[in-house]
Amino acid sequence: MEDVSDPPFRALCKEQGADVVYTEFISSEGLIRDAAKSVMKLDIYEKERPVGIQIFGANLDSMLQSVEIVEKSGPDIIDINFGCPVKKVVCKGAGAGILKDIDLMVSLTKAMVEHTKLPVTVKTRLGWDHDSIKIVEVAERLQDVGCKAISIHGRTRVQMYKGEADWRPIAEVKNNQRMHIPVFGNGDVDSPEMAMKMRDEYGLDGAMIGRASIGYPWFFKEVKHYFKTGTHAAPPTMEERVEAARRHLQMAIDWKGEQLGVFETRRHYTNYFKGIPNFKEFRMKMVTSDHSEDVFAAFDEVLEVFGDYEFATP
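Going by the UniProt record's numbering, the final residue of the sequence shown carries number 314, and the count climbs one at a time with no gaps.
You can trust all of the hints, since none of them are fake.
Once the Cα atoms are required to be at most 25 angstroms apart in a straight line, the calculated DSS-like pairs of lysine-lysine come out as: (1) LYS148 to LYS117; (2) LYS274 to LYS221; (3) LYS148 to LYS47; (4) LYS221 to LYS14; (5) LYS47 to LYS224; (6) LYS134 to LYS110.
Note that these hints are calculated values from the structure, not bench results.
Please model the complete structure; the sequences and the hints are all you need to start from.
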């Protein structure tokens, strides 16, 4: 969720029912070197609470120093990312790279728990590869050193995001009689039905939603509606989508400036306007324009041309 889970996006998700939001993951090395991009990611706002700041790294001293920096931003949670599969992170032994050294993973978590009064949580994967899945043992060890909750993506690092997520090992973690901390599932929760399945069939305490919410912050509200009624909520109207996209872009510009705001919001537009026939021309304007006024103009055109379009309820 790098360059996705920023304050503008989190604000929209919170409005639409997200219970807890997390920052983009932040490099501990970047924080202690005062790298501008890393420091900027520490921005959190009262309306987001409860909010967690997620950090990654593999060096003990750097991680402990970053904890001290993170605390000054006043988050409710410090989350350690032991799950990112991206090569540039893994090659440094961070993210999912640490799954090759479980003892280091546990000792880092223990040191960070002892270094802060804030609750420390962990996001990880099933293991490095299929032959090294020991997530039940790993989760138990993390709990024993003070981890307050664990989120587990149902794939190994080798799988990246390919194939289907396997939630069965996550359920084994939850069903371990020694476990008493919340266990959250992650991976392939892309519909209210899948969220209910994770809760009811696998018994997990909650779902961490990522890709399903990109360009579609309404996902959280729709899941809650489905849990309550067993029916699908009516999808957002065209006017609601345009208004959300417009607000998203304006907040992004206000927070990170014109150039970055325009560029980093592009990835959301496909999902904001997914399923509309003959929409390519308008989408191309949104994702190729370098100036915000052109993007805002494209939003106006969409409302003029497709204002009466009705989205089907799933």
